[in-house]
Amino acid sequence: MKNLSKLQQILDNGQFAVTAEIGPPKHSSAEGIRHHAEMMRDYVDATNITDNQTAIVRLSSIAAGVHVLANGIEPIVQMTCRDRNRIAMQSDLMGAYSLGMRNVLCLSGDHQKFGNHPTAKNVYDIDSMQLIYYLRRMRDEKLFFSGEEIKEHEPQFFIGAVANPFADPFEFRVDRLEKKVEAGAQFIQTQCIFDMERFERFMEMVRERGIDERVHILAGVTPMKSWRAAKYIQNNVSGMIVPDELVERLKNAEDPKREGVDICIEQIKYIKEKVKGVHGVHVMAIAWEEVVPEIVEKSGLYPRPKVG
Amino acid sequence: MIVAQQKPIEDIAQMINDCKKVLFVGCAGCVTVCLAGGDKETQVLASAMRIKRNLENNPLEAITFTCTRQCDPEYIEPLDNLVKDVDAIVSLACGVGVQYLAERFKDKWVVPALDTKFIGGSTVHGSWEEKCGLCGDCILHRTGGICPIIRCSKSILNGPCGGSQYGKCEVSKDVDCAWQLIYDRMKALGKLDKLMEFQPPKDWSKSRDGGPRKAIREDVMID
Ligand code: SF4
Ligand code: SF4
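Protein chains in written order, with the numbering used here: chain Z, 1 to 308; chain G, 1 to 223.
Bound-form chain Z, shown alone (with noise of 0.2 Å):
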């Protein structure tokens, strides 16, 4: 195998990962990009760009890879099947490859209702299960979506999807997963888990059909900076679940941020050492990226391996 992205060199090689997030600007310019590049660098081993989060228009995913890539981290490209249909999603991954992406997230994004374009027309051409499908065949077979022939330089990705273990019905979670690894997802980086119980009770269920042989899991976690956030999170986004304990442990904190920090850390290392299964961290700390180094550094999860 030629080109490994670092990301999976690192899972291969059975070391526990750490991936974080970069939402990229509302606005064209890559300063800030770079700043939280530079600072997560040496606390990372990949970051995902976010593809206009929430239906939100932003600065692309793959030119903010670019960006992040020239600062030294290898970043994980997303693409939603909600805003390009499959001759716009091959031809933009292709460009991404040549432009040294490795990882692509595959993901059908949220509805556009949410977002600050709500009277757009969606895509929606091909799901995110198809999206992986026909990545992974265009990777090994050399083919285009439609079967036609790729007849040199097909790109390498290393593919990714995502899962919830906390949406409906609960019990299809984990076959929709295993679809996916079937489908040639080779990484999963799950939604934010603030049920702990609900997560384990999914990683059970994983761990009973060897799924987690056949995938690396990478568990999403989430600092959150106040009891109003956790709660706003609780009533008004749809496919998570945070318990009350949380909410209420939030608000009785002096430095609820603090407090957001150290429930973080708290989970990162429960899971590391309770979780069988997990392979990795996805810190998702949604506009507040300065905190991840320390989050990474007092999990015991810093430094990071060397590859390559």
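Calculated from the structure, these hints are not laboratory results.
As the structure is a prediction and not an experimental result, all values here were calculated from the model.
Cβ coordinates follow ideal geometry from the N, Cα and C atoms, glycine included.
All the pointers check out, no bait thrown in.
Facing chain G, according to a computed beta carbon distance under 8 Å, are these residues of chain Z, among others:
1. R86
2. H111
3. K113
4. Y124
5. I126
6. D127
7. M129
8. Q130
9. Y133
10. V162
11. A167
12. D175
13. K179
14. A183
15. Q191
16. S238
Keeping only pairs whose Cα atoms sit at most 35 Å apart, straight-line, the calculated DSBU-like set for lysine-lysine is:
17. Z:K26 to G:K168
18. G:K168 to Z:K121
19. Z:K269 to G:K168
20. G:K187 to Z:K274
21. Z:K257 to G:K173
Given the coordinates of chain Z, work out where chain G with the ligands should sit on it, guided by the hints.
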């Protein structure tokens, strides 16, 4: 059936503001069933327009006619005599009816009084729901008789997405998650294993993306 809804009266009035005599044409098909453009609605709209225009000191002569079906040449023929001296025709049919009138009466200003919304059916009196997206290649046998193309907000064929919770879709607490419905039904039928099969992408060329579609039955064609 096709479900349509009347446009706001102001909008319709605007379209014919400068006309003196207007023909309002209803349809006795789908739009009658969904209470949007039948004979009754046509009469009501015509008289509302007359009153409005009277109040504005800009009287309107409004005549009416309701076709058996506006999407059939045979049934719009009788309009030939009625349209002669009108300045505009307001169609209370679906978009097909409007286009049939515009095609036949080439020198007339033909405008829509309805918004054609979707194909679906009634749930309770006064409420209709979309059920089919006219994709041209039905897959209901693979999804327990529930259409993911139109009833899933993201048209996912290998769902459910991560936004599904408590049986509802992420777009609204009032929208059932189609994939929860599919899952429940397949489970009840003992066919959950079917949902593990990879569903390939849709061939949208059979949908509207192949250009306007035609359906031909040579066996029943006359010439
Ligand atoms: S699968 Fe296609 S034809 Fe069948 S109900 Fe759905 S949109 Fe209509
Ligand atoms: S929540 Fe259900 S219906 Fe809504 S987009 Fe996701 S899978 Fe489709």
